[in-house]
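Q: Sequence:
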Amino acid sequence: MRALLPLRSSIVVVFVVVLVPFITNPRGVNSSSDAPLTSIPLDLYHTSDALLKEIKSLVLRHPDTLSMETVKMGNRGYAAEVLVVTYDRKTKHDNEKSKFRILMSFGQHGRELITSEVALQLLSVLAEEHNILSMGPVSITKELDNIVIKVVPMENLNGRKLVEAGDLCERRNGRGVDLNRNWGVDWGKKEKDYDPYEENPGTAPFSEPEAQIMRQLAKSFEPHIWVNVHSGMEALFMPYDHKNTTPDGHMSNLMEFLLWDVNRLHFEEKCLVGSGGGLVGYLAHGTTTDYMYDVVKVPMAFTFEIYGDSEASSKDCFKMFNPVDKLEFNKAVNKWSEAFLTLFRLGPSRLATTYGLRKWDSMGGKVIDGSLESNKENKIDGLDLGMKDLRNYFRLFLLSSVLLMFMFCSRISKSKYRQTN
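The sequence shown begins at 1 in the UniProt record's numbering and counts up by one.
Among these hints, one or two may not hold up.
[Claimed, not checked] The calculated label-pair distances, taken between Cβ atoms and stated as ranges, are:
1. K190 x R350: 33 to 41 Å
2. V295 x E198: 23 to 31 Å
3. R350 x G77: 40 to 48 Å
4. E256 x G77: 37 to 45 Å
5. S67 x L327: 31 to 39 Å
6. K97 x R61: 21 to 29 Å
7. E128 x W260: 28 to 36 Å
Quick caveat, the hints were computed from the structure, so don't treat them as lab data.
By construction, the Cβ of each residue, glycine as well, lies at the ideal position given by its N, Cα and C atoms.
With the hints as constraints, model all of the structure from the sequences given.
A: Set out below in structure tokens:
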């Protein structure tokens, strides 16, 4: 028995050294929960003030193609302002409403800094200060002559300030409301796993000045494509967010085909593609994209998720939502800028091919040929196309009915002839 004592002691020591860490920390010895949290790498990321200043300087250097405005709103003691940058290669004989229109928002959630960095990079490419290897300045200029793009580089400035002050997990605005839950479609509905810290929808739809600004912008601009840019994963989403299905109809198929083309051309088909509600793992209510599609009647409405670190701890928010090394950072801003240029190229052409139109206008959700604005009889929209199809079917029905009647009458006349003979 005495000979076994040293062995028992060894077993106890092994138990203490090896198993106790697993008991005290269920994730194991290498758990990331005890690792230091990642701070903002200032050698990679601009502060909000520096980024907006750089964008404003960029606009001033290119007044022929870029313009900007700052929209301010407030209520109940809370104020917000949103910078809107417009890209438009103006000519003497066109106007904004005769062109294809694209609206994009970055930085809706404060902690997703990488999205605003992509906005800066994209604007630099549009201004031809930065080249994309796969597309030269000449080809970019040619592709974008008939397009107007409005870019909101940092929708949630107040929330971003909170992140910069040290609250790296903050996604809400300056008074604790998730701007991507503050819109009118299916607003306020809460799932079983609802987290008020993450998804506070506000006191009412559009209670927040930032959401009011974006709604006003969307309704006045009447875009043909909407893109809400987020991070947390890599995905190309279309409606819906509040249910796990995509819309019915041809336009839904057109959106999905376009997303798959972008996925194939730029991401080796590694991005998720489909409805946000069906693929992200939870339903989201009161989102911007669902409102843009259902209420504003934007023909193509998307949410792009441009980066995510699935191995990061849930507590290490900055690392989870943003690249932290130079290689990954440059990869994200460059490949997504390229992807957006492809969207600008394919989106208008796909819609134009589908409806047989060259230029576009939008009136109350209708899509018409802007190149024929002076001729009202030539205006065409989705309803007109549907009625045209119905008329064709009706003509075929009448023709077949006439043929059947002719055959029936012919048989009657033959039978009478036989009876008389």
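Q: With reference to the structure, classify each hint as holding or not holding.
A: Checked hints:
1. K190 x R350: 33 to 41 Å: The hint (33 to 41 Å, Cβ to Cβ) holds, given that K190 and R350 are roughly 37 Å apart.
2. V295 x E198: 23 to 31 Å: For V295 and E198 the Cβ distance comes to about 24 Å; the hint holds.
3. R350 x G77: 40 to 48 Å: 46 Å, holds
4. E256 x G77: 37 to 45 Å: 44 Å, holds
5. S67 x L327: 31 to 39 Å: Holds, since S67 and L327 (Cβ atoms, about 34 Å apart) stay within the stated range.
6. K97 x R61: 21 to 29 Å: Roughly 27 Å apart at Cβ, these two residues keep to the hinted range, so it holds.
7. E128 x W260: 28 to 36 Å: 29 Å, holds
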